[in-house]
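Chemist: In case you want the letters, here they are:
There are 2 protein chains.
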Amino acid sequence: MASYKTVEIKEDIISRNNQGASRIREGLKGKGVFYLNVMSSPGSGKTTLLKRVIDRLKGDFCIGVIEADIDSEEDAGAIAEATGVKTIQMHTGGACHITCQMSEEALEALGVDGLNFVILENIGNLVCPAEFDTGAHENLVLLSVPEGDDKPLKYPLMFEVATMVAITKTDVMPVFDFSVDRAKENIRMRNEKAPVFVTCARTDEGVEELTEYIRGKAEGICGRK
Amino acid sequence: MASYKTVEIKEDIISRNNQGASRIREGLKGKGVFYLNVMSSPGSGKTTLLKRVIDRLKGDFCIGVIEADIDSEEDAGAIAEATGVKTIQMHTGGACHITCQMSEEALEALGVDGLNFVILENIGNLVCPAEFDTGAHENLVLLSVPEGDDKPLKYPLMFEVATMVAITKTDVMPVFDFSVDRAKENIRMRNEKAPVFVTCARTDEGVEELTEYIRGKAEGICGRK
Chain A
17 MASYKTVEIK
27 EDIISRNNQG
37 ASRIREGLKG
47 KGVFYLNVMS
57 SPGSGKTTLL
67 KRVIDRLKGD
77 FCIGVIEADI
87 DSEEDAGAIA
97 EATGVKTIQM
107 HTGGACHITC
117 QMSEEALEAL
127 GVDGLNFVIL
137 ENIGNLVCPA
147 EFDTGAHENL
157 VLLSVPEGDD
167 KPLKYPLMFE
177 VATMVAITKT
187 DVMPVFDFSV
197 DRAKENIRMR
207 NEKAPVFVTC
217 ARTDEGVEEL
227 TEYIRGKAEG
237 ICGRK
Chain B
17 MASYKTVEIK
27 EDIISRNNQG
37 ASRIREGLKG
47 KGVFYLNVMS
57 SPGSGKTTLL
67 KRVIDRLKGD
77 FCIGVIEADI
87 DSEEDAGAIA
97 EATGVKTIQM
107 HTGGACHITC
117 QMSEEALEAL
127 GVDGLNFVIL
137 ENIGNLVCPA
147 EFDTGAHENL
157 VLLSVPEGDD
167 KPLKYPLMFE
177 VATMVAITKT
187 DVMPVFDFSV
197 DRAKENIRMR
207 NEKAPVFVTC
217 ARTDEGVEEL
227 TEYIRGKAEG
237 ICGRK
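Top to bottom, those sequences are chains A and B.
Every position in the first sequence, counted from 1, becomes a number in my numbering once 16 is added.
Every position in the second sequence, counted from 1, becomes a number in my numbering once 16 is added.
Watch out, some of these pointers could steer you wrong.
No copy labels: a pair is met if it fits in one copy or bridges any two.
[As the list claims (entries may be wrong)] Computed list of lysine to any residue pairs in SDA-like fashion (alpha-carbon distance at most 20 Å, straight line):
(1) K67 with D193
(2) K67 with D166
(3) K233 with V214
(4) K200 with V223
(5) K200 with D87
(6) K74 with G130
(7) K67 with F192
(8) K200 with S88
(9) K200 with E90
(10) K67 with G46
(11) K209 with D28
(12) K45 with R240
(13) K200 with T179
(14) K233 with L173
(15) K74 with V223
(16) K67 with T227
Think of the hints as simulated: they come from the structure by calculation, not from any bench.
No experiment lies behind these values; they were computed from the predicted model shown.
Using the sequences and the accompanying hints, generate a full structural model.
Modeler: Listed below in structure tokens is the structure:
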């Protein structure tokens, strides 16, 4: 009986979250603000890849960044210093994911007036953030080479909700048993549509292709410059 | 008001979980069965390190392994094939952590009669599993070199609940910006006591030291052979 109750509570929470997320998404679209949610395991290279992508886009968009972490200020400092764009650090107080309510509060704290492109770097967690729609227009999911090409099999929902996937840290491929083909096959078992970009922030491999794809999606919301 | 309610539910769940976990721990101790919980991010090398540790211990203990995953059978297959010890695969149905109830059901499904050493490989997640005491006697937490030495700062609770920490994949240190000293400092900010082992399953670095430490803890529960 206890488990029935838990399921009902969870479904109710998620259904209410999704309604709120749709409101956020529509509201931002009405204002011409593109909202990108970036998710992955801890240490997959979200911050480093984002620095490269932001550097390529900041001349054409007014970008703001929300760095979500349980603790520490490291990522917000790194992004602000490297790119100069408006950045806030959000602490979740132990929470393992960002709900639409937390997303809304972070957007308010950041302040979207004057911006047309907001990036949320979600908590490093390949499980829970996938369950909670943040109201973003696109979900970029990273899979780093050191994690292994089997991860889409073991963490299905994350790869189902992805609208684009970036394989990261390809420069270390020679020292890991990672096959891009196997990774793509495993991603395809979870997601038939999301394009997969093979990237490396250090060598710049694939960063241009990923950036141009994101640019196209952003222009669809905030209009072509 | 909604948030007050959520906190109460969560505290109640965790307090009930911890009571159940204490019962499991005491029950296993009474039977002379040592229970080790292994936690880390996805892809930190739990399965590979465990294969090496089990190989060193299986002559002296009767070992059983519970592989917890959201989906896929990969890890149970890998452990069973490599080590020959009794192994079960547990699927959490989407859940991001193992509660004491799930832990108890898995122990029953494995069957502890005839065993004196059980290993739980928890869900790959650096956040949620730390909140739920599984009833294990020891918590081994892995931090892999590719993840970065800053992770103990960003995921505090996981390193607080650790009773031993293994830095893994040290063979790839030359291609990553990872400092063992910095990692140890960051772990010490979260945990003053847990010993830190510098390991590599591929080269066998540090595996003997970690194994001998685990052996000592196991002998404390199931008696010296």
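Chemist: How would you classify K209 and D28 at a CA-CA limit of 20 Å: within, between, both, or neither?
Modeler: Intra 28 Å, inter 41 Å, cutoff 20 Å: neither.
Chemist: At 20 Å max between alpha carbons, let me know whether K200 reaches V223 within a copy, between copies, both or neither.
Modeler: Intra 18 Å, inter 33 Å, cutoff 20 Å: intra-copy only.
Chemist: Within a copy, between copies, both or neither: where do K67 and D166 come within 20 Å Cα-Cα?
Modeler: Close across copies (18 Å), not inside one copy (27 Å); limit 20 Å.
Chemist: Cα distance capped at 20 Å. Does K67 pair with G46 within a copy, between copies, both, or neither?
Modeler: Close neither inside one copy (27 Å) nor across copies (54 Å); limit 20 Å.
Chemist: When no copy is specified for K67 and F192, does a C-alpha distance of 20 Å or less occur within a copy, between copies, both, or neither?
Modeler: The answer is between: 18 Å across copies meets 20 Å, while 25 Å in one copy does not.
Chemist: How would you label the pair K200, D87 (within, between, both, or neither) given a Cα cut-off of 20 Å?
Modeler: Answer is between: at 18 Å across copies they meet the 20 Å cutoff, but 33 Å inside does not.
Chemist: With identical chains treated as interchangeable, where does the CA-CA distance between K67 and D193 reach 20 Å or less: within a copy, between copies, both, or neither?
Modeler: between (27 Å within a copy, 17 Å between copies)
Chemist: Please sort K200 with T179 into within, between, both or neither, judging by C-alpha distance up to 20 Å.
Modeler: Classified as within; 14 Å inside a copy, 37 Å across copies.
Chemist: Please work out whether the CA atoms of K233 and L173 approach to 20 Å or closer within one copy, between two copies, in both situations, or in neither?
Modeler: neither (22 Å within a copy, 37 Å between copies)
Chemist: At most 20 Å between CA atoms: does that hold for K200 and S88 within a copy, between copies, both, or neither?
Modeler: Answer is between: at 17 Å across copies they meet the 20 Å cutoff, but 33 Å inside does not.
Chemist: Give the relationship of K74 and G130 under a CA distance limit of 20 Å: within one copy only, between copies only, both, or neither.
Modeler: within (13 Å within a copy, 63 Å between copies)
Chemist: With identical chains, the pair K74 and V223 could be close in the same copy or across copies; at 20 Å between alpha carbons, which is it: within, between, both, or neither?
Modeler: Classified as within: same-chain Cα gap 15 Å, cross-chain 47 Å, threshold 20 Å.
Violated hints, in rising order: 10, 11, 14; the structure is consistent with all others.
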